[in-house]
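**Student:** In order, the protein sequence lines correspond to chains E and Z. Okay, so the first sequence: first residue is 4 according to the numbering used here, each after it adds one. Okay, so the second sequence: first residue is 38 according to the numbering used here, each after it adds one.
Hints were generated in silico from the structure; no laboratory data involved. We put the beta carbon where it would ideally sit given N, CA and C, even for glycine. Heads up, some of the hints might be wrong.
[Claimed, not checked] Computed Cβ-Cβ distance ranges for the label pairs, DEER-style:
(1) Thr99/E with Gln149/Z: 34 to 40 Å
(2) Arg235/Z with Val123/E: 57 to 63 Å
(3) Ser49/E with Ile114/Z: 26 to 32 Å
(4) Thr79/Z with Ile294/E: 26 to 32 Å
(5) Ala241/Z with His297/E: 35 to 41 Å
(6) Thr213/E with Ala241/Z: 57 to 63 Å
(7) Ser110/E with Ala158/Z: 50 to 56 Å
(8) Thr99/E with Pro170/Z: 28 to 34 Å
(9) Phe48/E with Trp260/Z: 28 to 34 Å
(10) Val103/E with Gly218/Z: 46 to 52 Å
(11) Ser201/Z with Ala22/E: 32 to 38 Å
(12) Asp237/Z with Pro296/E: 54 to 60 Å
(13) Ile260/E with Gly154/Z: 30 to 36 Å
(14) Thr79/Z with Val279/E: 32 to 38 Å
[To be verified] Covered stretches of chain E (chain Z as the covering partner; in silico rule of three or more C-beta atoms under 8 Å from a C-beta of chain Z):
(15) 9–22
(16) 235–247
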Amino acid sequence: MDIFLPIAHVDVSIWLILAFGGIIGLLSSALGVGGGFLLTPLLIFSGVPPIVAAATSATQIVGTSAAGSYSHLRMGNVDVKIAVPGLLGSWFGAATGVWVARILERSGHFGTMVSFVYIVVLTTVAVSMFWESVNALRRSRGGGQGASAPAAPGFASRLPWQMDFPISGVRHSVLLPFGLGAVIGLLPAIGMGGGFVLVPVMIYVLKMPTKVAMGTSLFQLVFTTLVVSILQAGLNHAVDPYLALLLILGSIFGVQIGTRLSAMLPAEQLRLLLAVVLIGVSIKLLFGLLIMPHFPISMVAGVQ
Amino acid sequence: MKKLLACIGFACAVFAAGGVYAADGLTVELSHAHVEITSHFTGKKILVYGVRSHPGAVIVKLVSPPEEVNLSRKIRIGPFWVNGAKVAVHGAPAIAYLLSSEPLDQALSPQQRARYGLTLADVLKGARAHAPPGALPNWRAALLTLKRRTGHYRLDGHAVNLASRHLFRAVFDLPADVPIGSYHIEVYLAHGGRVVARDDLRLAVLQPSFERRLARAAHDRSWAFGTGVTLLALAFGLSLSIGLRWFTRA
Chain E
4 MDIFLPIAHV DVSIWLILAF GGIIGLLSSA LGVGGGFLLT PLLIFSGVPP
54 IVAAATSATQ IVGTSAAGSY SHLRMGNVDV KIAVPGLLGS WFGAATGVWV
104 ARILERSGHF GTMVSFVYIV VLTTVAVSMF WESVNALRRS RGGGQGASAP
154 AAPGFASRLP WQMDFPISGV RHSVLLPFGL GAVIGLLPAI GMGGGFVLVP
204 VMIYVLKMPT KVAMGTSLFQ LVFTTLVVSI LQAGLNHAVD PYLALLLILG
254 SIFGVQIGTR LSAMLPAEQL RLLLAVVLIG VSIKLLFGLL IMPHFPISMV
304 AGVQ
Chain Z
38 MKKLLACIGF ACAVFAAGGV YAADGLTVEL SHAHVEITSH FTGKKILVYG
88 VRSHPGAVIV KLVSPPEEVN LSRKIRIGPF WVNGAKVAVH GAPAIAYLLS
138 SEPLDQALSP QQRARYGLTL ADVLKGARAH APPGALPNWR AALLTLKRRT
188 GHYRLDGHAV NLASRHLFRA VFDLPADVPI GSYHIEVYLA HGGRVVARDD
238 LRLAVLQPSF ERRLARAAHD RSWAFGTGVT LLALAFGLSL SIGLRWFTRA
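Let the hints inform the model, and build the full structure from the sequences given.
**Tutor:** Right, dumping it as structure tokens:
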């Protein structure tokens, strides 16, 4: 059963989009990530124009992360005080990112840029995730102690405006979450929510407890992707409502499955599986850039 | 099959009326006067059928409204193939079909083909490119090749079926990504290398009011549209999750 997407101007299988949403929801609940980093390339492989894929992924993350952060908020896992400077930073980064996306789209380089950034980010994340889960599995089998989190960078303690964040039990300058938010906030413009970068940064750099990091990251993600989604629709006319709602519908069911699955499967094994999938996606993107094209000229319909 | 029967029925009616075809030379009809692009639209087959008064080749030309298309030459940077400067082409039809009952170079003289614009290159006459100087000077040839590869431009010398001495029919596929608007269909009857009769038709491709309003709002009121869709996504995700939790708990 196919559906015609009025903004993307392509027809896609409803079941395929629901399945994509389901996979993303599953990952989101089992691993605490938004899933945009996998969704954007999957949509591009299905024929959705890159700019619509990136923009609509942001809209989908708004819905899915709102659902996730609501549960975390009820469980007291959201540190709103540290999320506010992080959010302000990420809005700054997001506005810059969407503006850069607009320039790249107009010059015809958006698709290529997305491929390059994805290959670099996905490979880095996949390799580190792979090592982390292999080490964790080895440690759990050997019964050894987990490695301690690396110390926060020394310069961070010398920054002005230090303050206490009681829910996370840490003390930092407000400039630290602002700066980190600004850098990670660049990613939603190309369809990555940034949750998979934000969670480890919160755990290792800001030294927040894992559950609070996951809850706060999702909470922050709602508002970052909210702004990105509005900016992408306003500036680039690239948000497809049918695609977004179908993805959210699939993802909410995926979340339910993911919650049950995560109770059965250890997170390390799920991370290992995700690392393998991400390496596969990177290789496919890399081949697209390395193989000599059949015809030396490419054609893309202009998004109206 | 139903369409073919309708075609035969129509032809019989024309014969019964007597003399119509003899006067006009060519009488043509479409299986659909209009096509609606709903959310379920995944392409459509359109049948062109009719009667001819004289023997000869039948040529059907279909041209859609224009769409904006961006071309770029793939350039090699190190080991990577990336897009070069963008060439934005305006005014090129999204779809152009040139179907005939025998190859066009056999049916018509080059002068006649040029006079009636019966080559694929002719459909790009009104197209204009906005490009940095020196980027892709042969964009017309590149666009023709790419459009023929995707099937959006088609030249087929055996696509019109001459069902009998007078009847003919041709089927063309409208793909899912058709632009909305009025499509021009020109049908020619060629004999002895010359056009001896011609008939013109219009096919309206419409978007029903809801989808049209949606697409127009996304463009004309993009900020309000973006805010609305994003807040809808937020509310949808939140309410689905709360509802599902409530349902599973119950």
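**Student:** Does each hint fit the structure? Answer for all of them.
**Tutor:** Structure-based check of each hint:
At about 59 Å, the beta-carbon gap between Thr99/E and Gln149/Z misses the expected band of 34 to 40 Å. The hinted window of 57 to 63 Å between Arg235/Z and Val123/E holds, with their beta carbons roughly 59 Å apart. Under the hint 26 to 32 Å, the C-beta atoms of Ser49/E and Ile114/Z, about 27 Å apart, fit the expected range. The beta-carbon spacing between Thr79/Z and Ile294/E, approximately 30 Å, falls within the hinted interval of 26 to 32 Å.
Range check, Ala241/Z to His297/E: Cβ separation about 36 Å, and the 35 to 41 Å hint holds. The hinted range of 57 to 63 Å is satisfied by Thr213/E and Ala241/Z, whose Cβ atoms lie roughly 59 Å apart. The hinted range of 50 to 56 Å is not satisfied by Ser110/E and Ala158/Z, whose Cβ atoms lie roughly 29 Å apart. For the hinted restraint 28 to 34 Å between Thr99/E and Pro170/Z, the CB-CB distance of approximately 31 Å keeps it satisfied.
With their beta carbons about 30 Å apart, Phe48/E and Trp260/Z fall inside the hinted range of 28 to 34 Å. Between Val103/E and Gly218/Z, the C-beta spacing of about 34 Å breaks the proposed range 46 to 52 Å. Distance hint check: the CB atoms of Ser201/Z and Ala22/E are about 50 Å apart, inconsistent with the given range 32 to 38 Å. Between Asp237/Z and Pro296/E the C-beta distance comes to about 40 Å, which lies outside the given range of 54 to 60 Å.
Checked against the given bound of 30 to 36 Å, the beta carbons of Ile260/E and Gly154/Z, roughly 58 Å apart, lie outside it. For Thr79/Z paired with Val279/E, a C-beta distance near 34 Å keeps the hint of 32 to 38 Å intact. For the region 9–22 of chain E, the stated coverage by chain Z is satisfied: 5 residues place a CB nearer than 8 Å to a CB of that chain, which reaches the threshold of 3. Check result for the region 235–247 of chain E against chain Z: holds, 9 residues qualifying (beta carbon to beta carbon below 8 Å, three or more required).
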